[in-house]
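Please build the complete structure, drawing on both the sequences and the hints.
So the sequence shown is numbered by full-length UniProt numbering: it starts at 1 and just counts up by one.
It cannot be assumed that every hint is accurate.
[Unchecked claim] Once the Cα atoms are required to be at most 20 Å apart in a straight line, the calculated SDA-like pairs of lysine to any residue come out as: (1) Lys226 to Phe26; (2) Lys32 to Phe220; (3) Lys9 to Asn224.
Note that these hints are calculated values from the structure, not bench results. What you are looking at is a predicted structure, and each value in this text was computed from that prediction instead of being measured.
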Amino acid sequence: MSQETSKYKRILIKLSGEALAGEGEFGIDSNKAHSLAEEIKEVHSLGVEIALVVGGGNLIRGANLAKVGMDQATADYMGMLATIQNALALQDACEKKGLYTRVQSAIDIHSIAESYIRRRAVRHLEKKRIVIFAGGIGNPYFTTDTAASLRAVEVGCEVILKATKVDGVYDADPKKEPNAKRYTHISFMESIKRRLKVMDSTALSLCMENNMSIIVFDIFKRGNLKDLVVGNKKIGTLISNSEDIRIDGE
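Written out as structure tokens, the structure reads:
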């Protein structure tokens with residue numbers, strides 16, 4: 001039995017589609033799915049109740065289709081279907097690790113997933129089942145970031161862990177600006193004002209109004225998820241209602 005304890009009882013992990021992507025950030029790489037499932041299992045073993053929202057950008061990006069002339073609503077619905085495919089892949093990987101997992105879809109698709117029902121989702125979490133929310137919020141014009149914020153608030157999560165390929169939020173693109181500085185903490189309002197592209201403004205506003213903190217961290221570094229949940233290290237960037245702004249190294 002692990003001696004470590006979690007800082008949180010119930011969390012929501014927001015995964016981008018690229019966390020599951022294969023070569024060229026496209027498709028589904030089963031090795032990545034199983035690696036993610038192993039990290040989820042490590043956190044679950046601490047007694048944490050885990051919900052997930054996964055994007056669909058590794059399969060299709062509705063925004064890109066809309067840019068080349070497709071109807072925005074149609075493109076967004078196609079993107080929602082991609083998130084369901086990713087959710088099923090992640091469910092399969094988690095179940096192969098011995099984790100009881102449920103996929104709940106905002107789009108009714110009874111043959112392969114439960115319909116989203118808040119009370120049922122909460123009950124699954126209470127029974128220590130992994131719950132993967134798919135299909136966005138079921139409506140076009142909203143991102144999976146907004147879906148993550150909404151579901152986290154609805155089912156009573158304590159924090160959203162936004163898993164990315166960078167180790168936090170920067171004041172500029174660290175790939176283009178070698179002197180870009182990483183925030184260790186920034187407020188929701190400043191994130192919106194500075195257009196930091198952490199999440200879309202709708203998602204950030206929803207979190208701000210409901211005091212739902214977000215931690216942005218690098219999911220591709222093995223062990224980061226568990227270290228973050230346990231609090232062993234200062235990982236990523238915390239976004240909250242506190243007005244205090246802190247930059248790494250200052």
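Lys32 paired with Phe220 [C-alpha distance capped at 20 Å]: holds, 9 Å
Given the proposed pairing of Lys226 with Phe26, does the C-alpha separation stay at or below 20 Å? Between Lys226 and Phe26 the Cα gap is close to 26 Å, so the pair fails against 20 Å, i.e. violated.
Next pair to validate is Lys9 with Asn224; report whether the Cα-Cα distance is within 20 Å. holds, 18 Å
Comparing the model with each numbered hint stated earlier shows that hint 1 is the single one that does not hold.
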